[in-house]
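Novice: These are the residues of each chain, in order.
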Amino acid sequence: MQIRFWGTRGSLPAPLTAADVRAKLVAALTEVQGRSLETPAAVEAFVAGLPFSIRGTFGGDSSCVELIDGENTNHVLCDMGSGARRYGVEMLRRHGPDNPQTYHVFMSHTHWDHIMGFPMFPPAYLPGNRIIIHGCHAEIAGAFHRQHGAPSFPVEFSQLQAAIEFVVLKPDTTTEIAGYQVTPLLQRHSGDSYGYRFEKNGKCVVYSTDSEHRTEQSEEAERFARFFNNADLVIFDAMYSLAEATSVKEDWGHSSNVIGVELCQMANAKRLCLFHHEPTYSDSQIEDVLHKTRRLEEITRAETPLEIITAYDGLTVTL
Amino acid sequence: MEIGVEDRGNVLVLKVSGRIDHLNASAFHEALTPHLSHCSADGTPIVLDLSGLDYISSAGLRIFMIVAKQANARGGRIAVAQMQPLVREIFEISHFHLVYEIFASTDDALAAISSTTTTTA
Chain A
1 MQIRFWGTRG SLPAPLTAAD VRAKLVAALT EVQGRSLETP AAVEAFVAGL
51 PFSIRGTFGG DSSCVELIDG ENTNHVLCDM GSGARRYGVE MLRRHGPDNP
101 QTYHVFMSHT HWDHIMGFPM FPPAYLPGNR IIIHGCHAEI AGAFHRQHGA
151 PSFPVEFSQL QAAIEFVVLK PDTTTEIAGY QVTPLLQRHS GDSYGYRFEK
201 NGKCVVYSTD SEHRTEQSEE AERFARFFNN ADLVIFDAMY SLAEATSVKE
251 DWGHSSNVIG VELCQMANAK RLCLFHHEPT YSDSQIEDVL HKTRRLEEIT
301 RAETPLEIIT AYDGLTVTL
Chain B
1 MEIGVEDRGN VLVLKVSGRI DHLNASAFHE ALTPHLSHCS ADGTPIVLDL
51 SGLDYISSAG LRIFMIVAKQ ANARGGRIAV AQMQPLVREI FEISHFHLVY
101 EIFASTDDAL AAISSTTTTT A
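If you're matching them up, the sequences are chains A and B in order.
Number 214 in the working numbering belongs to position 214 of the first sequence; there are no gaps in the numbering.
Number 41 in the working numbering belongs to position 41 of the second sequence; there are no gaps in the numbering.
Any given hint might turn out to be false.
Said to hold, decoys possible - Short, incomplete list of chain A residues facing chain B, as computed with Cβ under 7 Å:
| id | residue |
| --- | --- |
| 1 | S218 |
| 2 | S241 |
| 3 | A243 |
Said to hold, decoys possible - 30 Å max Cα-Cα, derived BS3-like pairs, lysine-lysine:
| id | chain 1 | residue 1 | chain 2 | residue 2 |
| --- | --- | --- | --- | --- |
| 4 | A | K249 | A | K292 |
| 5 | A | K292 | B | K69 |
| 6 | A | K249 | A | K270 |
| 7 | A | K270 | A | K170 |
| 8 | B | K15 | A | K292 |
| 9 | A | K270 | A | K203 |
| 10 | B | K69 | A | K249 |
| 11 | B | K15 | B | K69 |
| 12 | A | K203 | A | K292 |
No lab work stands behind these hints: they were computed from the structure.
For glycine and all other residues, C-beta sits at the position ideal for the given N, C-alpha and C.
Working from the sequences, and respecting the hints, build out all of it.
Specialist: Written out as structure tokens, the structure is:
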């Protein structure tokens, strides 16, 4: 199983500016001083050695994550944030306009940063494609319909050519969908959100974003530890610092890197992926959060190490 | 988790020891609450001596946030002192060093708070 991240930013897309790119160039060229970069191989090696925040970017698209399974002809996606546009373009490039595909989409919830990519999702415009949108909110179809048509968008939902279905799932109930055993879980977020546990062939990934945690309520902490139990990868909303999440941003429906580490340690999960990055954070700030989270894991480790990574647009993780 | 209480003149020193996690965070809050009622602008400042605190989880830090809010709402002053290196790192990674005044020793905290209290008076 592979997980590919098409959108990783929280709340709102956050593209780089020209000034951001220039700052990266200046930082990289500053690092060159005293080195010989006379061959393409030397340049490549030098760039590879730079911090990710200089040589790359964590990206600016909002939530969209793909699950890839070589045996599966169906496409599986979590959330339809702005990253869905690039994903849809890639699907069209790969499969062509005359080769109908089936897409299963699992929605954490229907806040705008999680649905805004759908109007720009090319497969929705092509007849023959089938798009099945799964979620636990009874009003999920209405949320998708509302963002099409005047005054929000020039194309009415009824004009979309793909066959689009909505399926309301039951939380805490495991269902086989597109070859995965899928279990949704209710999460604390304005209007509710749902995490999804996907299992197949002995591998497990949990997608848990837009979820605030009150770990002082031991029953709630244990409920999530069970949900994350032995997962190979937990994709976790780490938008704020713990201090922010418990003060000025309390009840904003998001969590922190610290709680991600604790819950994954309780659950004996193998890998934690920090996700839903705060849109005001620069690449260097996100990288700093990653380093501090790894340090926290190191100093609080009981026995088995928990690998910490952070999501960026374009990242592929193999389980 | 245990809390020892020491009255140091015009400052109350609460010595916290053991571990605070999701299993005992509520008990920690309940144990602190009676002392907070006097932590106000014209009341008794509090120093939390954390020299005996071995570990604190997010659940425990949440109680620290609640306590800071309660003290601030009354105009009271509360500081932490003498953290073990591991607890200090957890504080900093969680950005709680931006919430609390942190002192290397309880005496440093007492001196700082006492001098401010005297000046204010």
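Novice: All the hints need checking, so say for each whether the structure fits it.
Specialist: Taking the hints in turn, this is what the structure says about them:
1. S218: holds, 5 Å
2. S241: S241/A check passes; min Cβ-Cβ to chain B is 4 Å, inside 7 Å.
3. A243: Cβ of A243/A sits 4 Å from chain B, so the hint holds.
4. K249/A to K292/A: holds, 20 Å
5. K292/A to K69/B: Roughly 26 Å separates the two Cα atoms, so the pair holds.
6. K249/A to K270/A: Satisfied, since the Cα-Cα distance of roughly 29 Å is no more than 30 Å.
7. K270/A to K170/A: Roughly 27 Å separates the two Cα atoms, so the pair holds.
8. K15/B to K292/A: Roughly 28 Å separates the two Cα atoms, so the pair holds.
9. K270/A to K203/A: Given pair K270/A, K203/A holds - Cα atoms ~11 Å apart, limit 30 Å.
10. K69/B to K249/A: Status holds; Cα separation ~14 Å.
11. K15/B to K69/B: holds, 20 Å
12. K203/A to K292/A: holds, 28 Å
The earlier numbered hints are all upheld by this structure, with none contradicted.
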